[in-house]
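Chemist: Spelled out, the chains give:
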Amino acid sequence: MQPVMTEIALTVNGREARLAVDTRTSLLDLLREHLDLAGAKKGCDHGQCGSCTVLVDGRRANACLALAVAHQGAEITTVEGLAGGEELHPLQQSFVDHDAFQCGYCTPGQLCSGVAALAEARAGWPSAVTADLAADAVALDAAEIRERMSGNICRCGAYPGIVAAVAEQAAR
Amino acid sequence: MMAATPAAATPAAATPAAAPPATGAIGVPLARIEAREKVTGAARYAYEHQPDEVAYATAVPATIARGRISALDAAAAMEVPGVLAVLWHATAPRLQPVADGELAVLQSGRVAYRGQFVALVVAETLEAAREAERLVAIGYEPEEHDSLLREDHPGLYAPETVNPSFPAATSDGDVEAGLRAAAVAIDKTYRTPALHNNAMEPHATVALWDGDDLTCWDSNQGAPAHRATLAQVFGLDPARVRVISPHVGGGFGSKGSPRPQLVLAALAARVVARPVKLAVTRRQMWAVTGYRTPTIQRLRLGADAEGRLTAIAHDVVEQTSTVREFAEQTAVATRMMYAAPNRSTSHRLVALDVPTPSWMRAPGECPGMFALESAVDELAIAAGIDPIELRVRNEPEVDPHSGHRFSSRGLIACLREGAERFGWAGRDPAPGVRREGCRLVGTGVAASTYPVYRRGAQAFARAEPGGGFTVGVGAADIGTGARTALTQIAADALGAGVDEVRVELGDSALPRAPVAGGSAGTASWGTAVVKACRALRERLDGEHGGVVPPDGLRADADSEQDVADQEPMARHAFGAQFAEVKVDLDTGETEVSRLLGVFGVGRIVNPRTARSQLVGGMTMGMGMALLEESVLDPQFGDYVNHDLAGYHVACNADVRDIQAHWIDEEDPHLNPMGSKGIGEIGIVGTAAAIANAVHHATGIRVRELPIRLDDLLWAEAADGS
Ligand code: FES
Ligand code: FES
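Top to bottom, those sequences are chains A and B.
Quick note, the first sequence lines up with residues 1 to 172 if you use my numbering.
Quick note, the second sequence lines up with residues 173 to 893 if you use my numbering.
Note that these hints are calculated values from the structure, not bench results.
Just so you know, not all the hints are guaranteed correct.
Unchecked claim - Here are some chain B residues pointing at chain A (derived, C-beta under 10 Å):
#1 T212
#2 R216
#3 A264
#4 R266
#5 N369
#6 R455
#7 A668
#8 R780
#9 G854
Just so we're clear, the structure is a prediction, and the values are computed from it rather than from any experiment.
A virtual CB, placed ideally from N, CA and C, is assigned to each residue, including glycine.
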């Protein structure tokens, strides 16, 4: 079967990318194999580990479960797009300060997930452990952070550092 | 929550007499050297190297557990646009035989276990390769297989040695007599399941040939050792082979030896005359990247009325494959943990139609200490003695097995300090009596231990003409913080600041060094690095008056002899782990509300990365206690839960208050840094501490891991509610 190629245009880290994609290509493989953005990681390719987490139109998503062709016009932010030039994103700095990683393979996903989790709480989105479902904003205590960050597995077990880093940013 | 300020919780390590003239970099909680690359996504892992014209390979796993391939039709696969080659045993180039039969990929039509790689597809794109992979039609002649470990298996045999080279069985005194003479005795069998390492980065290789020169970007725990094996497999002069691994996404033992994808990628690149990338998929990792054998362990302990052990017997049954013998050293720690006049240990194996088990974090100590430390808890209860006190009463003066004195032995200090920090004093030993709402609460303790190994290594140190120093060693940083620790070690040995030192590692072109394994990385590499740095300093100051010559100055070192010359002693790290659990009476769910470890691991090179490693080990130990299990389906000879949805590892919400501390421990008999390895001891004892706490909470003794909801569903509060 000849591959079906489709022309798409999307914005990745603020830059427009216009290219023909194989309709079987995942968003993750588009980033890693075609756009030379290897920050998003492939830990399982099955939506089970979170290491491929990126922001799609501001919301976190597993890039391994998304088809590139379905993202015409989307705005994608990967870990490479978090820092403002030389200056790290505050959450990146907190990750460094709290040793929130060891091997670093889950880290890009944790960071994108953390950035989104902070925004979700500010927007008042409840989680499974939120007591007041009607509150305008959710205070991110340790239990909230653990719950909201549990879609990102860290086999190195850097969870305490990850929680401390997200908590530091939640408190800002 | 772990204390947010690393300095707050732990006393600073003292400087042992053997330390180099220090600028004080050792002991400082320096942030990881490569931290910025890791948080910005700039750190490149193996699969992320993208040579021009790179092609994509995918491996085809066997769908029978034993037998042979009778036919293979690649025609449909070859028709997929973009497919460059399909390789299998009839078409793949011949390889040189090596000790590890798992590396004889595509060399015969035999299938030794389900999931073994039997064919390889190479294509222009990953999508084409994956589509073609499904179209490779393979006919099999299946044979009856046998994949299930049982303690009465007729094929059980005693191996010559257990990993890496310990005797398989030991016997001192008369265990039967010691048990007969005991006032209290226990005789119980403990079981641990097959466990998979599951580093977050799947094993991957990018292979590139330039004539007869081979370069591989590979995910492994030691580039030089991987190069040596790769050169052997292809019959090449090692000088023509280079393995590069600057960043590795975890290994936990599974990347300590080459895996099939390394050989397959190189093979495929040779055939298609283009660079080739190949990653093992997460699901394939259950078959081809190693795992911890399931174990069945019988523990017999006898003690007098004061709790002094009269006999210790630890008999282990475990599995290997038909491809290669791997004998986990499950009972070896028992040989030196406690004093008893009568002691015996044994290991028996059966070669099943299963993937070959291999190293997983603390092979031997981890499953073995689950059984021993559970049994010690049972004995303490039977004797009516506090489990800490019982351990203290059985502290040996010298290593009971070798008779050597201990270079240092911090077990009692760790137990005492842990008891203090955890709040053990006044604990009511009665099980099943503490209730918090609908949950039963209990606490438990267990000991940890891990041997202190050190291997010979080579390193160079170079003073750069433009200022600063470069240190090179064929080490690996798989997330341990090796790059950072070695920078600190080198800085102190050079009398320089850490900013002046650049450490190069993760490349077989650097001086030969052993793999990151056996918790021996820092000790082995550090010894060579210190030697090279001191030699450089001496020459720089002595011959050059402290002025770097225009071409720079380089000193090389080899620590082989230093390591061989070290005095025979019992060198081990020790620790104590404390757990508090809450078991839900309605659901049987166990929450580990607190986990606290105190370790005697010599001098801490970097408190920040050390704490992360210890906490990481304890976290994996918590997963072992409550979550992790690869479930074998004997019908198909396959692990049925072979992905991260079916095999649960601890996630963020599972980890609550977790703390790692260490005692001040000066040990001048180790290495120039005075350090013991810390990569593995954190996982040793955790599962026992949790199982012991679950017993204390519920009165239910779980001897088979993981502890399941249904084990505890019938727990009752002491008041019967
Ligand atoms: S790679 Fe996407 S969730 Fe694991
Ligand atoms: S840092 Fe290694 S998996 Fe998270």
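Chemist: Any of the earlier hints contradicted here, and which numbers?
Modeler: 3, 4 and 7
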